[in-house]
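Asks: Put together the whole structure using the sequences plus the hints.
As a plain string of letters, each chain reads:
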Amino acid sequence: MARGTRRKLHFSKLYSFVCGRSKFEVDHSQIGGPGFSRVAYANAPDCSEAGNLNYGSNYVSTTKYTLATFFPKSLFEQFRRVANLYFLFTAFLSFTSLAPYSAVSIIIPLIVVIGATMLKEAIEDWRRYRQDIKVNNRKVELYHGSSTFGFTEWKNLRVGDIVKVEKDNFFPADLVMLSSSYEDGICYVETMNLDGETNLKLKQSLEVTSGLQADSSFQNFKMIIKCEDPNASLYTFVGTMEYEDQEYPLSPQQLLLRDSKLRNTDYIYGVVVFTGRDTKVMQNAMNPPSKRSKIEMKMDKLIYLLLFSLVVVSSVGSVVFGIISSDDLQVGKVKRWYFRPDDSSIYYDPKRAAVAAILHFLTAIMLYSYFIPISLYVSIEIVKVLQSIFINQDIQMYHEESNKPARARTSNLNEELGQVATILSDKTGTLTCNSMEFIKCSIAGIAYGHGFTEVERAIARRKGSLSIENEQSKENHEQAKPAIKGYNFDDARIINGNWVYEPHSDIIRMFFRLLAICHTAIPEVDEETGKISYEAESPDEAAFVIAARELGFEFYQRTQTSISIHELDPVSCKHVEKSYKLLNVLEFNSSRKRMSVVVQDDEGKLLLFSKGADSVMFEKLGKGGRGFENKTKEHMHEYADAGLRTLVLAYRRLDEEEYKSFNKRFMAAKNSITTDRDEKIEEVADSIERNLILLGATAVEDKLQNGGMKQIIITLDGPEIIHLEKDGNKEAIAKVSRDSVLYQINEGKKLLSSSNTESFALVIDGRSLAYALEDDAKNLFLQLAVGCASVICCRSSPKQKALVTRLVKAGSGKVTLAIGDGANDVGMLQEADIGVGISGAEGMQAVMASDIAISQFRFLERLLLVHGHWCYRRISLMICYFFYKNLTFGLTLFLYEAYSSFSGQPAYDDWYMSLYNVAFTSLPAIALGVFDQDVSARFCLKFPMLYQEGVQNLLFSWLQILSWMFSGVCNGLTIFFFCTTALQHRAFRKGGEVIDLEVLGATMYTCVIWVVNCQMALSISYFTLIQHMVIWGGIALWYLFLLAYGAITPTLSTSAFMVFVEGLAPTPAYWIITLFVVIATLLPCFIYLAVQMRFFPMHHNMIQWMRFDGHADDPEYCQVVRQRSVRPTTVGVSARVDATVSQLARKVHDMVHLPP
Amino acid sequence: MNSSSGSAAGPSSGSGDGSAPRRNSKRPKYSKFTQQELPACKPILTPKWVISVFTLVGVIFVPIGIAALMASNNVVEIVDRYDTECIPANMTGDKVAYIQNDDIIKTCTRNLTVPKDMDQPIYVYYQLDNFYQNHRRYVKSRNDAQLKDADQANKTSGCDPEKTTKDGSPIVPCGLIAWSLFNDTYNFTLGNKNLSVNKNGISWKSDRDHKFGKDVYPKNFQNGTLRGGASLDLNKPLNAQEDLIVWMRTAALPTFRKLYGKIHQDLKANDIIMVTLENNYNTYSFNGKKKLVLSTSSWLGGKNDFLGIAYLTIGGLCFFLATAFTVVYLVKPRRRVLLCDTG
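Protein sequence lines, in the order shown, are assigned to chains R and Y.
Mapped onto the UniProt record's numbering, the consecutive letters of the first sequence carry residue numbers 1 to 1156.
Mapped onto the UniProt record's numbering, the consecutive letters of the second sequence carry residue numbers 1 to 343.
To be clear, the hints were calculated from the coordinates, so they are not data collected in a lab.
In this text, a Cβ means the ideal position worked out from N, Cα and C, and glycines have one as well.
A couple of the hints might just be wrong.
As the list claims (entries may be wrong) - What follows is a set of in silico ranges between Cβ atoms, one per label pair, in the way DEER data are often shown:
{"hint": "1", "chain 1": "R", "residue 1": "1043", "chain 2": "Y", "residue 2": "60", "range": "24 to 30 angstroms"}
{"hint": "2", "chain 1": "R", "residue 1": "500", "chain 2": "Y", "residue 2": "37", "range": "20 to 26 angstroms"}
{"hint": "3", "chain 1": "Y", "residue 1": "37", "chain 2": "R", "residue 2": "1047", "range": "40 to 46 angstroms"}
{"hint": "4", "chain 1": "R", "residue 1": "57", "chain 2": "Y", "residue 2": "41", "range": "58 to 64 angstroms"}
{"hint": "5", "chain 1": "R", "residue 1": "301", "chain 2": "Y", "residue 2": "37", "range": "56 to 62 angstroms"}
{"hint": "6", "chain 1": "Y", "residue 1": "70", "chain 2": "R", "residue 2": "301", "range": "36 to 42 angstroms"}
{"hint": "7", "chain 1": "Y", "residue 1": "91", "chain 2": "R", "residue 2": "330", "range": "18 to 24 angstroms"}
{"hint": "8", "chain 1": "Y", "residue 1": "116", "chain 2": "R", "residue 2": "108", "range": "25 to 31 angstroms"}
{"hint": "9", "chain 1": "Y", "residue 1": "193", "chain 2": "R", "residue 2": "990", "range": "24 to 30 angstroms"}
To be verified - Coverage of chain R stretches by chain Y, computed from C-beta distances (three or more under 8 angstroms per stretch; other residues unrestricted):
{"hint": "10", "region": "296-305"}
{"hint": "11", "region": "333-345"}
{"hint": "12", "region": "973-983"}
{"hint": "13", "region": "990-996"}
{"hint": "14", "region": "1078-1084"}
Replies: So, in structure tokens, the structure goes:
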């Protein structure tokens, strides 16, 4: 009999709320008009009408380039950079006779540099292409006609095809669902890839087609689907289905989206409506906004500065050149006759000195191109990619449980990680694991469950009551791991069936029954172990069902119309099977804040179970149901104080009459197709959810992630809390609130300025925030917020989060980092300088919008303190070094040109020059950028103050950059003058030979190579084999090159022919000069470093000292150093630093006070 | 791993793409390289290091400086500027007119006193000042192919404006460098004995062997209306004309010397050498200087005190710094500084 009724009751009815969510805002009459023109001829993709439509294939390409567009497109990308454009310009000029060097020697480095970047692009795109191929070649069952389905590849699908998708497979395209293995045409869909939500969604086909449940049903099947044009909205769909001469409206409920997955349903049939690029998911696909790091922006400025100085230097040279040239020939009097100024080409013509000067300017621009490091961009790119690999590979940022390593989704921001001044964190979702634990409950006015919540522990710890700490640590020991995830309840009165002996055992029984029934979770039985796990829409719901199971009310089966539980019978003390007929589900939503189910038990009694937020539930209680109201409220306050999430549970019995009338009205409301449909349903639901009888309340702990405690501690127990609580009732005039908020902000500022020793926490709620963010208040608010050590914005909307982020970013001008894990954090993540997504349970939305994804909040510490610090140091040092080495080199060129009467004659052979950036000096710089460590990871974490180097931008300040450049200029000067003075015009060897251009050039070049490479060795304090290889290898490479180049025929090597073998190597003076110039040039730098290291150590120097002295493990000593450097920056620095310090201090404290 | 709560990737018997990766751990593989824990040497500038570096540099530099200075001191150098002296008194007003007038015989006699004993070989140089052999127009004004290979005599690209004669036949060697070849000549007599100047082997061997052909003979050289410098012996191949080869090796700086020849005879102190020179080369129009230099050489080359002094300075400085740092380190031990002074 039960079976019969079950058949009649359609499951769809139960899910009316879910199903009915779609709004019928769009008039279906629009279909066929503009924007709604799509037509799919089901089962007839070959018919002539369909052929005319010419919709794209289902082939999806995510690649940036195609074979044809790769070259033009990626080249274009490359030359959007000013520096590259400049090099292209010089490359073009180098083909004219203006060029001071041969065209090949400038073209080849350019090709190498551009080619390396393009190769990187190509490899990345190739990976995407491979991924595409894999996706496009997935197999799906396609209807072939004559009642058979056969496998075909995804890419072959066309609009109108009928496909069959089986359980746990992805949908190949956007489908209109026709039927499923369930009779009423429902199916479950997992949309993880689309919106990141892990819960299952219910979809349902139209009733007319739900009967097409066999392969054979599609014989002679014809249908025309007309619908909207492709768009990116995942939650809307408007269309009509023409089937058997009837038109039926289609809603999102029938649309199965590509890349979502069929779950818990054996198979479905569907018609393809959108293919390939037209699918919703592809329409949604967009690249995360590209952000550039502050360092790179500064570097651009630096390049502009250099370009500018290059122009200045060139024009000075040109003017001088023009004057000297015009002087050569004056009124028929020839001065430097050996140039034949009377018969000169335009480039040197004294008669047209102005033109010659302008042309010379171009030459000089080319010659001085060595001021600008051509390989800088490509080196930075290589370095950043490698750095990201290191971040991804960090085993300590790998989370075993979720099997997720850290993932740097963009490598642009590595160094920015080392400069974060403000962290904006999504509190609840981010700090918590998003896994709920059922921990306490209050039933019939009695509180059950002991055990401390983490917040309680934290408070206790803060207050210094060691007893609790000990207890807690003992406790921690005992239950190192809760045996069951989501359940941490412990009370002897309740567990093991003891609740039967409690005073209100009937109420307790109803309480747990409610927990087992009133939900939308789906049980999954593991076939091997027989264990039951649940798939629920939210983790707290799962926690309830699990709690019910553990306490003897095991929910084990959900059919379309019933819920079956194993229930402990208080009389027999045995588990009996009970089945409840599920009549209606009144879904949870944010305005109702409650959820109810109407069930009929096997005795035929009708029951309404309801659970919801205290704010709404207490109103709903009937007169007879308020027995333990006060007690319950009291308990709930306690729970709330302990940081638990609470829900009120209540029920009522319904009589047959009442239910029938309700059901009728409910059905009517549900079936109405008007805009106020939702309100109607709500109204009907409201009518029955009254006169409830209170059962009790539950308390669920939102588990905090390991190590995520810091910020919470500060909130709850800050030394002073400015509480900007604004209890505005809805009708309160905005002005009053605004004034009040303003007043409070000002008060807060006064308080802040009156005391400068304590750090403050600022708490502000969403509503006040709305006023605080208005234009007139926002700067005041910012000032206040910046003055506080931490700011907590509670109950704020996603938009407000983004607004706060923008305010902080714009107001402080410092680097902001936003961290979050939910879809509501997306705005914030994108707005901040760096968005860090937590790939937790709340889905992938935040991760997709983030720049870097980590799996646990606690990894942020390592990400920032270790990787951030390293990357910042590496990149800034590398950029400085690049400019330094090019200035050194460029200056020798400039000085030499001055000695050749600014004629544009380079001191070095063409190939020496072009290989300078590409071969001899670039690898050490890249190795610096990838491998350098000032201090090891352990010390980075141990001394968070080191991070201040990045926040205060000490390593890439203008002072730092300019001193590097200054050093470059000095080195260039000393190299040039020492070399020229030492060699001079006298014989430079025993055989009486004098130097010539080639010998001077090669000697000077040798010195430059030695100096810049040794400077590198001086600047780093971390030598692995790699460093040694690249630095000394770079120098060795130069000698090898000189040998090789000198050995080839003089037709190619021209004046460099045998210069090393014959001219330099046998000459003692060459070696002695090299030694002298290198030592003399580097000596000032060495002295500076020795003095700085000894007398003015920077943070990392101090730590190096400590490591050297072996004090690093002396906790008291560390503490002194730490405090000294942290104290002046406590206020106004992000709470994280503060928190980390306090946490570390605690650790030290523990260490010191450990019993021997 | 029992996924009992909301996780959707629970136990499922599906064969879909999504279910498999659960088992392949994404745990990064451990290696010292990927975890950035490679064995590394992490030197820091400790007092010991600083002092040893300074001392080491001093220890190396001072002896080298002394050796270099001694070498330089042993070199005897006679420098004689003759361009101003070798002009008849009546022509000093217009030196350019004098030098450009082919009719005047420009022979000039100079007496040089040997200050110290000079051991052979004695190198004879001419030195030019303010002569921009390194000017780009000048440096490029040659054609290497033509110099090397007789078959490529027609290759005169880059040689403007000394490329071809008026009728279009190529000049060998072409270009401004060859055209402006230095043409002063020197003859030395000691007492009444002629000091022979050996002009063989004054150029780089690689130039003779590889850059100037042994079957390339001068053609149409200095035949134009405007004569530059010296003419060449039409019967000698280019690789035998060492003056040209030396001249063609462009100097690096505007002041330069070029080897003129070697005297294989020892000279005694206070010997007086009489130089009979022909002052042909025009340096007057660009205010250049001409000097004649006789010099011996050491292992370091010519007379050059700079290197020795520089080495000694740096070496001394390093010794000083080593002492200074030692004193400072002793007077102010670091640990106290770190904890108190800079705080």
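Asks: Any hints this thing doesn't respect? Which numbers, in order?
Replies: 2, 5, 6, 8, 10
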